[in-house]
Amino acid sequence: MDLEFFVMSALAGVMGTYGLLTMALWADSLGLPRLDFSRAMANVTYARTFEKDVKPGAGVDAPNTPYWPGMVVIFMNGIFFALLYSSVVGQWIPIEQAPLKGAIWGVALWFVSGVFYVPFYLREGFMLSGIHPLAWLTSLKVHIIYGLFVGWIAPIAS
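Here the sequence shown is numbered in this note's numbering, starting from 1 and rising by one per residue.
None of these hints come from the bench; they were simulated from the model. What you are looking at is a predicted structure, and each value in this text was computed from that prediction instead of being measured. Please note that the accuracy of each hint is not assured.
To be verified - Derived Cβ-Cβ restraints for the label pairs, each shown as a range:
(1) Trp26 / Gln91: 29 to 35 Å
(2) Pro133 / Val107: 19 to 25 Å
(3) Leu134 / Gln91: 17 to 23 Å
(4) Leu25 / Ser129: 16 to 22 Å
(5) Ser158 / Leu134: 19 to 25 Å
(6) Pro133 / Gln97: 17 to 23 Å
(7) Val107 / Asp2: 26 to 32 Å
Just so you know, even glycine gets a beta-carbon here, dropped at the ideal spot from N, CA and C.
Let the sequences and hints guide you as you build the complete structure.
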């Protein structure tokens, strides 16, 4: 893997994550539930504290839960999954058009997230059913947008 490959893959992850976050926060203007991935990740990752005033645990609404580190975690996830796509997975998706190949990757990420990560780690129910009955649709749309960006920008190792 050379530097240009890494930089383009990372840029694809940043742009894809930006698209995902933007559309997740604007979803209410489309009549869908708004999802704040950064706040959820901040609560899961940084709500645990050793301060005496705050109850321990990832699910608490702690007043000291930082928002911006949650953004950093989301963007790092986006970069990681873009690198995984461009270096390993992309070559095995049997579609010629790069954005559509990325969209398939986005759907795969949505599916794995909704079936494993969300219900077992976040405890928000199967496919975000604990948040809103249509939260799965918002999540699907934003993951497809992430995949379209990644497929469009990221190079694929051969």
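Cross-check of the supplied hints:
1. Trp26 / Gln91: 29 to 35 Å: holds (33 Å)
2. Pro133 / Val107: 19 to 25 Å: holds (20 Å)
3. Leu134 / Gln91: 17 to 23 Å: Violated, since Leu134 and Gln91 (Cβ atoms, about 34 Å apart) do not stay within the stated range.
4. Leu25 / Ser129: 16 to 22 Å: holds (21 Å)
5. Ser158 / Leu134: 19 to 25 Å: violated (40 Å)
6. Pro133 / Gln97: 17 to 23 Å: Between Pro133 and Gln97, where Cβ atoms are some 33 Å apart, the hint is violated.
7. Val107 / Asp2: 26 to 32 Å: holds (29 Å)
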